[in-house]
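Listed below, chain by chain, are the residues.
2 protein chains.
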Amino acid sequence: MAAGAYEGDRARVRGILDAVCAEGRTTLTAPEGRQVAEAYGIAVPAEALARDVDAAVAAAADLAGPVVLKIVSPDITHKSDAGGVAVGVEGADAVRAAFHRVVGNARAYEPGARIDGVQVQRLLPAGHEVIVGAVTDPTFGKVVAFGLGGTLVEVLKDVTFRLAPVTEAEAESMLDSLRAAEVLRGVRGAPGADRAALAGQLRRVSQLVDDFPEIAEVDLNPVIATPDGTCAPDVRILLAAEPPRERRRYTRAEILTTMRRLMRPRSVAVIGASNEEGKIGHSVMRNLIDGGFRGDIHPVNPKADDILGRKAYQSVADVPGEVDVAVFAIPAKFVSAALDEVGRKGVPNAVLIPSGFAETGEQALQDEVVRTAERHGVRLLGPNIYGYYATWQDLCATFCTPYDVKGGVALTSQSGGIGMAILGFARTTRTGVSAIVGLGNKSDLDEDDLLTWFAEDEHTECVAMHLEDLKDGRAFVEAARETVRRKPVVVLKAGRTAAGARAAGSHTGALAGDDAVYDDILRQSGVIRAPGLYDMLEYARALPVLPTPRGDNIVIITGAGGSGVLLSDAVVDNGLRLMEIPDDLDAAFRSYIPPFGAAGNPVDITGGEPPSTYEATIRLGLRDPRIHALVLGYWHTIVTPPMVFAELTARIVAEERERGNDKPVVASLAGDVEVEDACAQLFARGVVAYPYTTERPVAVLGAKYRWARAAGLLGR
Amino acid sequence: MAAGAYEGDRARVRGILDAVCAEGRTTLTAPEGRQVAEAYGIAVPAEALARDVDAAVAAAADLAGPVVLKIVSPDITHKSDAGGVAVGVEGADAVRAAFHRVVGNARAYEPGARIDGVQVQRLLPAGHEVIVGAVTDPTFGKVVAFGLGGTLVEVLKDVTFRLAPVTEAEAESMLDSLRAAEVLRGVRGAPGADRAALAGQLRRVSQLVDDFPEIAEVDLNPVIATPDGTCAPDVRILLAAEPPRERRRYTRAEILTTMRRLMRPRSVAVIGASNEEGKIGHSVMRNLIDGGFRGDIHPVNPKADDILGRKAYQSVADVPGEVDVAVFAIPAKFVSAALDEVGRKGVPNAVLIPSGFAETGEQALQDEVVRTAERHGVRLLGPNIYGYYATWQDLCATFCTPYDVKGGVALTSQSGGIGMAILGFARTTRTGVSAIVGLGNKSDLDEDDLLTWFAEDEHTECVAMHLEDLKDGRAFVEAARETVRRKPVVVLKAGRTAAGARAAGSHTGALAGDDAVYDDILRQSGVIRAPGLYDMLEYARALPVLPTPRGDNIVIITGAGGSGVLLSDAVVDNGLRLMEIPDDLDAAFRSYIPPFGAAGNPVDITGGEPPSTYEATIRLGLRDPRIHALVLGYWHTIVTPPMVFAELTARIVAEERERGNDKPVVASLAGDVEVEDACAQLFARGVVAYPYTTERPVAVLGAKYRWARAAGLLGR
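Chains S and Y are the protein sequences, given in the same order. Residues 1 to 716, numbered by full-length UniProt numbering, are exactly what the first sequence covers, in order. Residues 1 to 716, numbered by full-length UniProt numbering, are exactly what the second sequence covers, in order.
A portion of the hints provided could be inaccurate.
As the list makes no split between identical chains, a pair holds if one copy fits it or if it spans any two.
Subject to a maximum C-alpha distance of 20 Å in a straight line, what follows is the list of computed EDC-like cross-link-like pairs (lysine to aspartate or glutamate) [said to hold, decoys possible]:
1) K279 - E609
2) K279 - E695
3) K311 - E656
4) K406 - E655
5) K311 - D296
6) K471 - D219
7) K333 - D234
8) K279 - E154
9) K79 - E276
10) K487 - D9
11) K157 - E182
12) K406 - E170
13) K79 - D394
14) K487 - E658
15) K157 - E214
16) K345 - E456
17) K487 - D624
18) K333 - E110
19) K157 - D137
20) K471 - E129
The set of hints was computed from the structure by calculation and includes no laboratory data.
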């Protein structure tokens, strides 16, 4: 149990669950559920279990005031449907009548049902009806859920999820994560809810399912939340038929040791190297050589003596010295046998390019390869991948073509097609890359191993990952949280929608999780979720270029009023804040711009201004310590042509960075085609700039802000 | 009144409103509101006005059952705040007590208030609380609003608007436009609402405000909607202090006559033409000549005999023959005098490039120009614009540079900066353009005039408009509806967000409408709203390339499973539908793809396939009449390189179009940089294709579908 976790009465719950199991049941009765809740300090209304009508009358008298009667039967799950509930009953006669009615209805509904009695419960006061629950997600395990009750929210699907157990702060963040969060604070004169009590409820439920993995589901629906506390009149608990499977986990040190040898190898063997053009084993050899890899390259092929001028070996066993990586370029059916030799040689990493495994239905073949690898402690990348690039090593272990623009972005993709898009995009935009890695079937190495490495890798400043599923959602979240503290992680989760999720299923055979769960938990892990492929690529390209903002005050400086309006729209759309300009700063801006220009924010310097106006206002924006980020809107004119704007902006930004005024600057260039070159020049000199769009520069700035917040570098 | 409109008792309402006016009031009392409602058949609960306590007791007895008592006073607007409401009162004693309490509270709350009595109203049964209202929008005039009542929806802002009056079909569409629309149909066993009665209520309220322009606001909050009908216990009606200003309107014939001469001129005069490089009057002359305009170009300049080889005139009066357009390139202060000469010459159109009018605070100068123009019947484009292009006339009446790619897109922008972005984007993508028009301050000609023209213009296949405000929302909607029947209209409305709207205010001095109203009413008019500048440009470029779909069945054919998942996501995001593939069609696809490929939808032909597999499956997709649109996902491989894919796809699409199988085809190309050329080739040959993105091709297809639906070419 984590330090500071909520401590429930575990022994009492253990006893109840064991008793339920002993009866072969997976559903707890209401009184059992209530006892479990009490053991974890979850507030439930005063009540009694009445086994006969006199006991019910006595119990109602003890409770004083109106009560609710509910049938108690392990055989009746939906009490209301069975007519087994009577609400607002008051007085001995009414209780007596209600008892008989409830029991009679239940008997008629389910003739053979065992009836343990009737719950007599104090009627709760009016309040907000909320839902608190926990489920077992196939990707993330125990997950706690929170929503506002009632038909409307059921229709609008306004619910939020967190990994269980939640801390107090996380529980409170759930209250604020609903679209209708305001309601809980009290609106239009309606009272709010006791937020601390609600957060406590969430914390206790989450701890309960964490302490008892066999609890598959908890449902407190509704929880009545008033300004004075919370109370759960119905506690529904389901047990799992079988315990979840544990997945093999490696320690951080183990992961780093093999990842270091994979990403910075000194010696690479190519299993199935070939002299024959068109073969994958040829392309891989050619790319390793043409890419300029500075370590040893050992072709392995029993039928050749020499491949592309390098001595070829019969078997990897014959290769002299240590080998860090074996790249496989042989048909699927031969992989396991060759892997056995690789394992015996003590090679720590196998890169399995071949397809023909789980993705084509050959799960057994893949399982065999995994077993062979585990026997020798070899870690596997793939199978069914294009390979990988480690640009700072000049390593191109792929059948694609080398990529040589070294930089700070590490990109991974689950799909080969997306990998090719990454390569093409990077090449055309000259994106500086530290690694591109194909993950394919993820039979072993996956996103969490790579994140663990990229967090350490000093060349990597930003990680971008395309994924369709996660083998182990918790391991991912753990690795992501650790990495996000140091560098931004962008995630494109494919299969977001129901239709998309179906396609993911048919593609990888993996069950894609429900997107609502993914969305909340990825957010919780601090990664930046890209809405689409192109956004992921642009974020990856631009994030390392932008310095980290030190505060929320954004100022737009624009030569085109029209761009100013659109840039303002984009600022709000991205959850950013336009600075309220103080009077002295407003006056300072006004001193540079024509009298009919608009100060305030956007600062509209107007269209006909010379370079000196751009220069003066941009410099002011960079120098004033109250401003934290600049969004520039350029308008192509003869007075200030595109390359003049690019040159002056890049120069001022560089000069001010020298002086320590290091702020993110993004720009939207509206103009004729020359603005494209101007943007390329600006990008190369540290200003994130795009032509013909006001949305993209602000979206990138928004992504940087989201990361800065997640990394704790800004408030909230 | 339109045919089929709801007919209320206008005389009765006229009498009530006149009486209210006569008293100098702008707020109707509850009984007055109720009478107005009754005159328009809006259901209100049975009630009586009791002037004393005995009358109240008698009225309650007549109504039988519990009643509500409400104070009636012209001086008390918020009855609840005044303690002037008592709910659920039953029995003579209780009514007596409640009457005294309500009157006493009101007297204490507002000592001088005139008290007309107490409304005694039947207590309504429980039902859905909805809000029906009407407001006077500064842009759109009378607008009817509908939402679900209660705190939650107030927090979530789930309301919808339509121009008043609404037809029955429009009223019904409002019920379905709420995010929580399901609620009204009844969910989770809760009863639904009487939809016909609700729609009728909306229709009647909308007709009321249309019939009586002086009604500024109607508020029925709540309306109680049950399965048996609707009822409005509170009717609040406010009158406008002054009547709205009428704007000068031109007939369709008048608009077309001048627009034809503007967009297809035979003779253009340049007021302020100049030989001096760097002057706008020089650039305009140079561009008219270099652009290859085939009509007459007449420089006007009192200080020159000859400009760029053309005879210059002292005054436009001296120009021989008729002149269709006078382009102004002189400082703002000289415009009015020169315009007077232009008017006397009988020139129908003045294109006012100069700035220095309303946008710099010189509203008076602009008003003077408008008055001069109206005196002569000259229509004005601008001021404060870059000018305009009419490419099919080789006309470049701007200070920018000529554009010569003729095609089907007409683009307009309110801002000069956005106009420059349009030009640059068009040039770099070789977008075929019919016109680019700057609207600037819109002192006269605006979007509705242009829409009216573009609807007729045979060269224009698609219209894209950037706008910050609308001078006359109703005229726009009217023109848009008419145009959308024939061709798609894309709108980028800037100033969507609160921050954006503020910036729009400071830019044009125009009051930007609330975006919720804009959004609903633009949708109602059938235009496609672009979420950002780049989207508008891409939609404009691509929509004319795509044929119109004839049904909803979309099939994805992909070589990259990873793209298939992302394309599926995009299909759902854009409100499109993946076809459920019938068994025979599934079998037909399967016959072409490897056994481990996935049929269903997406059809995953797998990555290593030769051109023949793409060819066979695409052809099948085009030929099968049950499929209506194709989304292709290409994966760069050695077996099927990008240009091979492009060539085969373009060829098959062309062949099948020849055979009458004319369906929209969009493609996402994932690969190395060669895919960029492949996309350009595909685009040029009728397939909308983009590299490195799965989102954009589907977004464009979605835009085409939205238009097809709005134009009535598809169901719904």
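Hint check results:
1. K279 - E609: between (60 Å within a copy, 15 Å between copies)
2. K279 - E695: Neither: 44 Å inside a copy, 33 Å across copies.
3. K311 - E656: neither (55 Å within a copy, 54 Å between copies)
4. K406 - E655: neither (25 Å within a copy, 45 Å between copies)
5. K311 - D296: within (11 Å within a copy, 79 Å between copies)
6. K471 - D219: Neither. Shortest intra-copy (26 Å) and inter-copy (55 Å) distances fail the 20 Å Cα cut-off.
7. K333 - D234: neither (56 Å within a copy, 78 Å between copies)
8. K279 - E154: Result: close neither inside a copy nor across copies, 56 Å intra and 64 Å inter.
9. K79 - E276: Answer is neither; intra-copy 72 Å and inter-copy 90 Å both fail.
10. K487 - D9: neither (41 Å within a copy, 70 Å between copies)
11. K157 - E182: both (16 Å within a copy, 12 Å between copies)
12. K406 - E170: For K406 and E170, neither the intra-copy (39 Å) nor the inter-copy (58 Å) Cα distance is at most 20 Å.
13. K79 - D394: The answer is neither: 67 Å in one copy and 78 Å across copies each exceed 20 Å.
14. K487 - E658: neither (23 Å within a copy, 54 Å between copies)
15. K157 - E214: Neither: 27 Å inside a copy, 41 Å across copies.
16. K345 - E456: Neither: 28 Å inside a chain and 78 Å across chains, both beyond 20 Å.
17. K487 - D624: Neither: 27 Å inside a chain and 50 Å across chains, both beyond 20 Å.
18. K333 - E110: neither (57 Å within a copy, 91 Å between copies)
19. K157 - D137: Cα proximity of K157 and D137: one copy only (18 Å, versus 32 Å across).
20. K471 - E129: neither (36 Å within a copy, 47 Å between copies)
Checked against the numbered hints above, the structure violates hints 2, 3, 4, 6, 7, 8, 9, 10, 12, 13, 14, 15, 16, 17, 18, 20; every other hint is satisfied.
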